[in-house]
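S.K.: Respectively, the protein sequence lines represent chains Z and F.
Everything in the first sequence is counted per the working numbering, starting at 75 for the first residue and increasing by one.
Everything in the second sequence is counted per the working numbering, starting at 75 for the first residue and increasing by one.
Don't take each hint at face value.
To be verified - Okay, the calculated bits of chain Z under chain F, using three or more residues with CB under 8 Å as the criterion: (1) 131 to 143; (2) 172 to 181; (3) 214 to 220.
By construction, these hints were calculated from the structure, which means they are not laboratory data.
Glycine residues also receive a C-beta, built at the ideal position from the N, C-alpha and C atoms.
2 protein chains.
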Amino acid sequence: MHHATAAQISAALADRYATKKFDPSRIISPENWEALEQSLHMAPSSFGLQPWRFIVVANPAIRATLRAAAWNQPQVTDASHLLVCTAKRQILPADVDKFITQTSTVRGVPAEKLAGYKGMISGFIASPGLDHTHWNTRQVYIALGFFMLAAANLGIDTCPLEGIDPAQFDATLNLGDSGYTTVVACAAGYRAADDHTQPSKAAKVRYIRSEIISHLI
Amino acid sequence: MHHATAAQISAALADRYATKKFDPSRIISPENWEALEQSLHMAPSSFGLQPWRFIVVANPAIRATLRAAAWNQPQVTDASHLLVCTAKRQILPADVDKFITQTSTVRGVPAEKLAGYKGMISGFIASPGLDHTHWNTRQVYIALGFFMLAAANLGIDTCPLEGIDPAQFDATLNLGDSGYTTVVACAAGYRAADDHTQPSKAAKVRYIRSEIISHLI
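Excised from the complex, chain Z in its bound form (with noise of 0.2 Å):
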C-alpha cells in the first residue's frame, strides 16, 4: 500500500476549515463519495458494536426541512452531500447477540468460542450509571471525524453541524420508534470560491501547540 506522507497530512489539516458556504455546482464524485462511506463503515466503535445509523439525505424537500431545523445554515441545502449521524439509544442483549453472530460468521469461529467476549460485552452494557445514548454518541463523533479527515485528504471540504433540533431531525427523518437518534450533522461538498471564512482568507484559531498537548517524559 501506497501511504500517504507526513507533509500531505499537515497540508490537508491546514486546508480543512468548517465550511460556511459551499458551491452549489460542485458534487462529490462516486469514486471519492464511496471512500467515505467506508471511513464511516470502517470507522472503529467500543467493542466494534457500530451503534449507529448515517443517513445521506439527497432528497430537496428533506433537506429543506432540515434546514429549518438547523437554524437555516445553508449548509444543509447547498453542500453536495448532507449526512446525518444517528446514535442507538440502548443497547440491547439482542444486539450483542446480533454482534457475536456477525463476528462468528465473519470469522468463521464458531459463537461458542465467543461465549467469553459476549459476556465481557454484556457485563459491560449492564453496568450501573452506563449512559448508553452518551457513550454511543462518543463512537458516532468517531466516524464523523473519520469522515471530516477522509474528506479532507480528498480535498472535499465539510462543515459539522452541531446546531441542529435533535427532535425534528428524529421527526423528519421517521426515527421515531427505530431505537436511534439524530446527535450531529456533516455537509460535505466544496467551498464556495468567495467563502471568506476558507484558511486563506481567516487565519485558523488555535491555541499554541504547548498548550494542548504536553509530554511526560
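Fit chain F to the known structure of chain Z by using the hints.
M.R.: Then chain F, alone, in the frame of chain Z:
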C-alpha cells in the same frame, strides 16, 4: 496540494484495526509524530473552543502505572507512543473570553467586532441541561478520530483504549485541580508481525453497509 486518492483512503481504512500487540522495537519517526500532533491540534471542535488537553506519556514508570489502571493492557506500555485524551469538565466564561482574545489576536480583528459571536457562545454554554463534560468529551472523540485516521494514512497502527480507569489516570497524571479529566487513551506504533487480530489474519467485523448507511433520494 497533492491530495490522497480514494483508493489510498480505502486501503488505509481496510488495514486499520485496534492493534492488540505492538512491536515495542518500532518507533514512530519524529516527522510522522509531528503530523499526528497536528491532527490533534488542528482537529475541529464546537465553536472552535478546543475543550481538551492531550498528554503524550513517554515516561516508562508512568506508563507502567497507567497500564495497571487499564486492565493491564500491554498496548499501554508496548506501543511506540501513548496518548491520553482529556476533556475540560466545564466551559467557563473565562474560557470564552480567552477564546475570543485568541481569535482577535490570530485574525487581527478587534475584540469588539466579535461581541456577537461571543454572545452566542456565552448563551450556549449557559444552556440549561447542557452537560459540559459530555459535550466536551464528544469533541475529544472527533480529535481521537482524526488521530487514528491520520495514523492509518501514515501506515501507523493505533489502539483506542476506553477500558481505563479515568480516576486513576487523573491521579497519576496529576489532573486533580486542572479542570480536565481523562476520557480515553490511544496507543500508537506498529503492529507486531504475529498479532493475530490484524485484518489479514482476522477479518474485520462490520454489518453490511446498507444496514448502517441509508439514502433518502
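S.K.: Would you mind marking each hint as holding or not holding in the structure?
M.R.: Verification of the hints:
1. 131 to 143: holds (count 4)
2. 172 to 181: n = 5 at 8 Å, threshold three: holds.
3. 214 to 220: Our answer is that it holds, as 6 residues pass the Cβ test (under 8 Å) against chain F, meeting three.
When held up to the earlier numbered hints, the structure conflicts with none and fits them all.
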